[in-house]
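K.L.:
Here the protein sequences line up with chains A and B, keeping their order.
For reference, each letter of the first sequence is one residue, going 1 to 116 in the working numbering.
For reference, each letter of the second sequence is one residue, going 1 to 125 in the working numbering.
Simulated from the structure, these hints should not be mistaken for laboratory data.
Treat the hints with care, since some could be wrong.
FRET-style restraints, in silico, Cβ to Cβ [claimed, not checked]:
hint	chain 1	residue 1	chain 2	residue 2	range
1	B	48	A	104	26 to 34 Å
2	B	104	A	112	48 to 56 Å
3	A	5	B	65	32 to 40 Å
4	A	49	B	113	27 to 35 Å
5	A	71	B	58	29 to 37 Å
6	A	101	B	119	54 to 62 Å
7	B	82	A	73	17 to 25 Å
Covered stretches of chain A, going by a simulated chain B footprint (3 or more residues, C-beta under 8 Å) [claimed, not checked]:
hint	stretch
8	4-12
9	23-33
10	78-90
This structure is a prediction, so every number in the text was calculated from the model and none was measured.
Ideal Cβ positions, reconstructed from N, Cα and C, are used throughout, including at glycine.
Given next are the chains, with one letter for each unit.
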Amino acid sequence: MSVSTAAYFARRAAQKERVQILYRRALRDTLNWAVHRHLFYQDASNLREKFDANNHVEDLDAIDRMIAEGEARYNKWRHPDPYIVPWAPGGSKFTRNPTPPAGIEILYDYGREDND
Amino acid sequence: MALRAVLLRQLRVPVQTLALAGCKSQPWSFSSCIRLMSSHDDHLSKEQVIGRVLDVVKSFPKVDPSRVTPDVHFQKDLGLDSLDNVEIIMAIEEEFKLEIPDKEAVKIDSCNLAIEYVYNHPMAA
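With these hints in hand, go ahead and build the complete structure from the sequences.
P.N.:
Spelled out as structure tokens, the structure:
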């Protein structure tokens, strides 16, 4: 047990957040690799079991080491062409149709000269 | 030539008044004719958002559908894990075609927060 429990819980909370972010990225990566839904469900439950197997570790350093290992494995398996929602940065519709500046008028004069 | 000039002068209509004329002739679309030239003008109503978020949460296999209300907390009230939290948020992202940044997605802990986030997001579909 570490010296002050507030610091212990703070570290555990930070680790919990790291694990959550890692799980989120790994799940999204699984969806990128396994596009068909039935394959994705199978792979997602395998991933969940891997995370759940280490659920009960209490030692802070062991948890840190496992998170680092998990992140290294995630970096190794990243998809080269991930699906990004179209309007998000990196997606296909990003900055495609920006909102036009206000007060712009379109003048339909069909090439009419001014001295007609 | 003068006739052509007269006709073309009639056609010089700025876009703003055209939009307003379109507004007055179609009273049922009064909320959609305010911003006509942008691709970001589709907003969901609060009841739709609540209904869809609750449907997503209810169809989660580890959740008891009868206990789901709009202000239920995922970990405290429904007894879910933090990883289940992540899964629910991913399901909500897929439902509304959103992209939630990682830091904010971790903070969404209850139905309340999820509904507010989706409702206030400009690109929720």
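K.L.:
Now tell me, hint by hint, if it's right for this structure.
P.N.:
Each hint, compared with the structure:
1. 48(B) to 104(A): 26 to 34 Å: holds, 33 Å
2. 104(B) to 112(A): 48 to 56 Å: holds, 53 Å
3. 5(A) to 65(B): 32 to 40 Å: At roughly 38 Å between Cβ atoms, residue 65(B) and residue 5(A) fall inside 32 to 40 Å, so the hint holds.
4. 49(A) to 113(B): 27 to 35 Å: The hinted range 27 to 35 Å holds for residue 49(A) and residue 113(B), with Cβ atoms some 28 Å apart.
5. 71(A) to 58(B): 29 to 37 Å: holds, 33 Å
6. 101(A) to 119(B): 54 to 62 Å: Given range 54 to 62 Å: violated, Cβ gap about 28 Å.
7. 82(B) to 73(A): 17 to 25 Å: holds, 20 Å
8. 4-12: violated (count 0)
9. 23-33: Three-residue rule met by the stretch 23-33 of chain A, so holds; n is 5.
10. 78-90: holds (count 4)
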